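Trainee: Listed here are the chains, written in short residue letters.
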Amino acid sequence: MNRKNITRFGRRSALGLIGTGLSAPFILRDGWGQTMPELTKIPDSLKGEGEVRIATFGGTMQETQQKAYFEPFEKATGIKVKAFAGSDPTKIKAMVETKNIEWDMAQLSRGSIMNLMKTGDYFEKIDYSLVDDGVDKAYRFEYGLEMLVWAQVIGYRSDTTKGVAPNGWADFWDTKKFPGDRALVGTGNGGWPELEFALMAAGVPMDKIYPIDIDKAFASYDKIKKDVIKWWDTGAMPVQLLTDREVTMTSVWNGRMAALQAAGVKAEISWNQGLLKRDAWGIPKGAKNATNAQKFVAYSTMAIPQARISLGIPYGSVNNGSNEFLSEERLKVLPSAPAIKSQLLSYNYDWWIDNRAKVVERFNKWLLG
Amino acid sequence: MRDTVSSTGRGASVSLAGLEKSYERVGAVNGVSLDIRSGEFLTLLGPSGSGKTTTLMMIAGFEQPTKGDIAIDGISVVAMPPHKRNIGMVFQNYALFPHLTVAENIGFPLKQRGVPKAERTKLVGEALELVHLPGYGGRYPRQLSGGQQQRVALARAIVFQPRLLLMDEPLGALDKQLRENLQLEMRRLHADLGITFIYVTHDQEEALTMSDRIAVMNDGLVAQIGSPEDLYDRPCNRFVAGFIGESNFLPATVRGMEGDIVVADCQGAVVRALCPGRPGSGAQVTLTTRPERLRFANGAHDSATVNRMSVTVTEAVFAGERCRYMLQAADGTSMVLKEPSSAAIRRRTVGEQAEIAWSVADTILV
Amino acid sequence: MSSSASLRTTTGILLVAPLVIYMVVLYALPVASMLLRSLNDPTWSIDRYKELMSDTVFFNTLSNTLYTAVIVTLGSLVLGYPVALALVRSKRLAPLILVVVLLPFWTSVLVRSYAWMVLLGRHGLINEALMSSGLIDRPLRILNTPLAVYIGMIHILLPYMILPIANALRQIDPSLARAASGLGSPPWKTFLQVTLPLSVPGVAAGGLLVFVLSLGFYITPAMLGGPRDITLSMLIANQVDQLNWAYAACLSTVLLATALIIIVVCRRLPGIGSAFKMSAR
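Protein chains in written order, with this note's numbering: chain A, 1 to 369; chain B, 1001 to 1366; chain C, 2001 to 2281.
If you're looking for bench data, these hints aren't it; they were derived computationally from the structure.
Incorrect hints may have been included.
Unchecked claim - Straight-line distance between alpha carbons at most 27 Å, and here's what the computed BS3-like set of lysine-lysine pairs gives:
no., chain 1, residue 1, chain 2, residue 2
1, A, Lys125, A, Lys47
2, B, Lys1084, C, Lys2189
3, C, Lys2050, A, Lys118
4, B, Lys1067, C, Lys2091
5, A, Lys82, A, Lys67
6, A, Lys118, A, Lys285
7, B, Lys1117, C, Lys2189
8, A, Lys41, A, Lys80
9, C, Lys2050, A, Lys365
10, A, Lys358, C, Lys2050
11, B, Lys1176, B, Lys1338
12, A, Lys82, A, Lys47
13, A, Lys177, A, Lys266
14, A, Lys332, A, Lys162
15, A, Lys93, A, Lys80
16, A, Lys177, A, Lys226
17, A, Lys41, A, Lys75
18, A, Lys47, A, Lys137
19, A, Lys67, A, Lys41
20, B, Lys1122, C, Lys2189
21, A, Lys365, A, Lys208
22, A, Lys91, A, Lys285
23, A, Lys125, A, Lys82
24, C, Lys2189, B, Lys1111
Being a predicted model, the structure only gives us computed values, none of them experimental.
Please build the complete structure, drawing on both the sequences and the hints.
Mentor: Here you go:
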C-alpha cells in the first residue's frame, strides 16, 4: 500500500485533498521539545552542483522532509532540490515510456518499484558505494533504497471500548466484543488488501503468515465483510471515519493517528499485529540528474537526516545510527523503536510482488462479483 | 348555481360594469362599462396601451379585474376560472399547439368537454369545412401558412359552439391581401353563427369594415362607443375624431345657438356646427370636420347649411384616386382637403387663394 | 451568391479551426492512442474484450454504474422539473432560484461531496436533528450507502437537468397555456396536455446530460458510497493503479461506447432529436 498522503493529480487527487484539509490545522511541528540534530560534515562524494527533482507524497510528510533533509542537503552539497507532490508509480511508467522524465527520483514503495520492474526497465540501480553503512541490509534492494519505516495498525475510538483495548486482529474481527462498524483497505487507488490481518484474525501466528494462504485469508474476510462499511483507499479516509464516528475501528497508518490524537479525537493505536512497511526512493530510468539523485538517496538515509524525519513525524528510521539522536520519549511512538517493532510483522514485499495481481483480481471478484 | 356559462341561445350578452385593472406597466383599465348585445360584433379599438387587450383578457378570465364586474348573460363570471367560461378565443399569434395535428388542435376543446371520439371527428371535419380547410386535419401547424393557421385557430375557437368569441388582433400578423379576405370570412362566420364576437384591433379600417359597433378606447377608458357611422360622422371628442379617420380641428369662439346648431367665429368666418351640448357665448371651442367633406367653392352661395371660409393652398398632392391639399386659414391653422380626382376638375396650385365650403351637418363641435 | 456562401463556409472553418486543432491534438489523439492500448498492448488482439464477456466484476460494476445513472437521472428529473417550472413561471422568485440552482456550480465537486459527508454522517447534522427531535432513537445509516451516492450525485447534477428543462419551458409560447385554458382545460390538464409534452425536448436533453455525466462519476461514489458502490470510473482508476493499463483502456472504451450509444439513440428518437437541433437555430 502506498501512502499517498496527499496530492495526486486528476480526479483522484481530490480524495487526497481531504486529508490535507483535515490535518492542516494540527501539523506536527518539529522537535517534540527536542532540538534538531544538525549534520555538519558530509563526504565529498555527495557534493555536486545543479539540481535534483524529487517527487514525494506531499502534505505534512513533504513539509517534514523539507526541513529534515531538503534544505540541509542544499546547504551541504550545493545541489538545489525541487520537490513535487504527487509521486505515483503509474506516472513513472508513463514518463519512462514516453521518455519525458520530469522527476529524478520518487518516493514509492518497494512493492511499486518491483512491480514496475516486472513489466520493464523503469528504474536505475542504486549506487550503494555512496550509501551510509548504518543503513540496515534489510532496507536495501537493487532498484531502490527504503528510507522511511511506518506501520499499518489498528486505530480505534477509545470512547467505544469501555476501557478495554483491542489487542490484535481477532479482536478487530470480533464485533460482539467490540461493537461497531469497521473499515479496511480495498483495492482502489492502488491499494494492497490486508490479507495478513485476515489471517491473523483467523489465528495464524505472525511467523506463519508468509507465504499467504489466499483461500484462508478470504474465508476470514467473509466473516468481517458485512461489518466493513468502507474499503478505504486514501490515507485520509480511515482518519475521517474515526473522527466522524462512522466506524469504531479501522486499519490506519500510524503517522495519521498522531495527527488525529493531536486534534483531540479520542482515538488510540493498537500496535500489536500491525504491519511494518517502508517507503523507498526510486530513480526513474534515464532521469537527467540521476547522479544527483544517487547523492540525495545516500544523504537522506544518513543517521542525522533520518533522525530529523522521525522528530518531525512519527515514522521510523532505516539507519541504525539514528536512535542516539532521539529521546526515549520519542522512540516510544516510532514503529522502528524496538518495543514496538517487535509487535509488528515486517511486510513481505517480495510475496506481494509475485501475487498482487492475483489477489487484487480475487478481491474485486469477492467484493463485487 | 351553474358552473359554466350556458350555451343555449345563439349569442351571449356581455356586460362590463366599472371594470378596472391597475398595472404598473401599460395597458391599465380605469373603469370600463359596456353592454354588448347578444349576437353583436363589437370591436375594441384603440392605440397600443389603451387597455383594449387587457379588457379582453379580463373577459376571457386570463386577467383578474382589480375592480368591477363582468357578467355573461347576466351571470357574473369574475370568480370563474377561464376553463369554465366556455368562451372561444383567437390569439394574434394563433396559439396552435405545435405538438398536435390540425385535427387534434380543433378537437382539443371537444376533448376537454368529453365529446366522444366519433362525434369529435365529425365536428372537427365540419369546422374544417367551415374555414375552407378540408383535408388538412392530419397536418401539423408548422406545415401551414400563417393564414391557414389562423383559420385553424378560428375553427378551434368555434368548434365547441361557444356563445361568445374573443379575438385579439387575430389578423395582425398577416399581410394586407390575406387580412382583407379573412375580414370578409369573419363577417360571414359571424353572420352564419350568430354568436357574439368581441374583436380587438388597433386598425381603424378593420374596425370600421367589420363591426356592428366599435368601442374606441383610450387611456383605459371607453372614449366613445357607437356604430362605425356614428364614430366617423359624429365623433364626440377630439381623440375619437383624430383616431378614426383624418380630421381638421378648427379653434373657434361661440357666438350663440340657433336651435341645435352652434354659431361660432372661426378663422374670420362665421361657421355653424352640430353641437351635443349648449356652450355659452364667448366659449373657446374646437370644431372638427373631415378632409373629404370639404370642397372648393365655386361662386358664392351663402347658406345656413353650408359653411364657407377663405384659405391659401400651401401644398397640393395628386394621389391617384384623389387630390390632397394642405390649406392655411386666416389665422394660420392648417387644414386638409381631399377631393376626388377628375380630369374635369381644375387642380389648384400652391399659393392660390381659394374659397372652401362644407356642410354644417359635417361640422361637429368636440 | 455562391461565392458569398463559400466565403461564409471558409469563415466558419477558420472560426472553429483553433478549437478543432486543440481538441484533435490534445484530446482526440491521446484518447485514441489510450483506447488503442486495449487492442495492441502488447500485441494486437481482441482477447481482452472477449474476457470482459465473462468478467462478473465488470458486469456488476457496469450494471451498478448504469443503475446509479438511471436513479440519479430520475431523481434529478423529479426534483428538477418543478424547480425549472418555478424558474420560468415565477418572475419574482426566478433570480433567487437561479442563484440557488447555480450555486453548486461554483463549488467544487469535492467540497460538495465532503459537505454531504458532514450532513449525512452517522453523527452528522441530519441524524443529530432527527435524534433530537425524537423521530429516531439511533442514527440512520445514510453515509456509505447507495442512497448517499444518489443524494450527492443528484445534488451535483441537478443544474444540468434544470437548465435545459427551464430553457424548453421558456420557449413554450405562454399563450398556449392560455389557449388551452380558454378552450376548457383546467390547469393540471393543461400541464399534462400542453406544457409537459412541449417540454419533452428539454427533459430529454437534461436527462441525457445527467445520465451521461453520471456514467463517469468517481469522487462522489468513492466518498459517499458503501463498500459495493463501485462505478466503472472507479474500476478504471483501480486498474490504472494496478498498472493494468490495457484492461483500463478496455473499460474506458466500454464506458465511452456506452455514452456514445446512448447519445446516438437519443438523437434518433422522434421528438427528442429536435432538442439538439434547436440549439443550432
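Trainee: Name the hints, by number, that the structure is in violation of.
Mentor: none
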